[in-house]
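As you go down the protein sequences, you meet chains A and B in turn.
Residues in the first sequence are numbered consecutively from 1, following the numbering used here.
Residues in the second sequence are numbered consecutively from 1, following the numbering used here.
Keep in mind that the hints are not guaranteed to be accurate.
[Said to hold, decoys possible] Estimated spans, in silico, between C-beta atoms of each pair:
no., chain 1, residue 1, chain 2, residue 2, range
1, A, GLY6, B, ALA97, 27 to 37 Å
2, B, ARG9, A, GLY6, 17 to 27 Å
3, A, SER102, B, THR143, 36 to 46 Å
Don't read these hints as lab results, they were simulated from the structure.
No experiment lies behind these values; they were computed from the predicted model shown.
Even for Gly, the Cβ is constructed at its ideal location relative to N, Cα and C.
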Amino acid sequence: MSRLTGWLAPTTTARAHCDLPCGVYDPEQARIEAESCHKINEKYAANEDVAFRTRAIAIKEERADLAKHHLDVLWHDYFKPEHLATVPNLHDLFWNATKQVSKVKASTDAADSRKLLDMIDEIDAAWKATGGADKTRVAGRPG
Amino acid sequence: MERLRHRLRGPWRLAIRQASMEPTIREGDWLLVDPTTTRWPRRGTIVAFLEPDSGALAVKRVAGRPGERVPFGSGYLELADDEAWLLADATAEATAAAGFGEPIDSRRYGPVTVAALIGRVWFRYAPIGRIGRPPPRTLARPTVPDHRRLDEPRPAG
Numbered sequence: 001m002s003r004l005t006g007w008l009a010p011t012t013t014a015r016a017h018c019d020l021p022c023g024v025y026d027p028e029q030a031r032i033e034a035e036s037c038h039k040i041n042e043k044y045a046a047n048e049d050v051a052f053r054t055r056a057i058a059i060k061e062e063r064a065d066l067a068k069h070h071l072d073v074l075w076h077d078y079f080k081p082e083h084l085a086t087v088p089n090l091h092d093l094f095w096n097a098t099k100q101v102s103k104v105k106a107s108t109d110a111a112d113s114r115k116l117l118d119m120i121d122e123i124d125a126a127w128k129a130t131g132g133a134d135k136t137r138v139a140g141r142p143g
Numbered sequence: 001m002e003r004l005r006h007r008l009r010g011p012w013r014l015a016i017r018q019a020s021m022e023p024t025i026r027e028g029d030w031l032l033v034d035p036t037t038t039r040w041p042r043r044g045t046i047v048a049f050l051e052p053d054s055g056a057l058a059v060k061r062v063a064g065r066p067g068e069r070v071p072f073g074s075g076y077l078e079l080a081d082d083e084a085w086l087l088a089d090a091t092a093e094a095t096a097a098a099g100f101g102e103p104i105d106s107r108r109y110g111p112v113t114v115a116a117l118i119g120r121v122w123f124r125y126a127p128i129g130r131i132g133r134p135p136p137r138t139l140a141r142p143t144v145p146d147h148r149r150l151d152e153p154r155p156a157g
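So that you can see chain A by itself, here it is in the shape it has in the complex (with noise of 0.2 Å):
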């Protein structure tokens, strides 16, 4: 049976093609964002220059956007139901961050941008209680 299994076994693999989620997530990527935000602020705070404000505002609109994203494909794709069990008050976490990434991009106040430091690195502590490093890093998260 396994001899004719194998000779009418085709050669050729066609794929009914879909995306293919790579599974790697990660709180570190909105906190780099985050963190980026959070310099341009302070030295938005410590230059008068003009040109120097104008474009800082700009990257730290940039940046904040890349964090939400970042926030929003974590809680999204990484984040399951069953993590809720662990993590009650998740989906309030994501909803509080993700607004105030909305209130950093708007605002040039070096506290507003502490704040969102402190609550991704909430989540990261949520993603790490769902066993996020072992799920889906390839060898934990460095260092």
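Chain A is fixed; fit chain B onto it per the hints.
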């Protein structure tokens, strides 16, 4: 003659990976293909072809034939004389349930030229419980919004 000889080399049989043709064709199905097909078959037929972006061998269903208009964005595209519009059967929910991302088809990579056509899928011969012709699907001629073609030049100003 050389073209016919090339086509007769196949492939005549295909093993399917991934899930964008669920529930009609599932991962692991073995299919028989007619590689002598040199024109786009009627709408609703499942075909094997080479994807425009990757060159990978794939299967999808013909949803629009040469010369037809297909909905795209807020308007439509008009297919050239050698192009078809190929769509997945599965919804994003169905592929997600099978552990995959969104189906990838002409909505992603655009029309497919007949040069990329490999053959017509006509029979599933494994697994045993699913032997038979993949259920045909009657697809009506695509209806398109009556406003402008998306591939025609925009008027100046």
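Go ahead and decide if the range 17 to 27 Å is satisfied by the Cβ distance of B:ARG9 to A:GLY6. At roughly 21 Å between Cβ atoms, A:GLY6 and B:ARG9 fall inside 17 to 27 Å, so the hint holds.
Measuring from beta carbon to beta carbon, are A:SER102 and B:THR143 in 36 to 46 Å? Between A:SER102 and B:THR143, where Cβ atoms are some 39 Å apart, the hint holds.
Quick one: are A:GLY6 and B:ALA97 within 27 to 37 Å, going by C-beta? This hint holds: roughly 31 Å between Cβ atoms.
No hint from the list above goes unmet by this structure.
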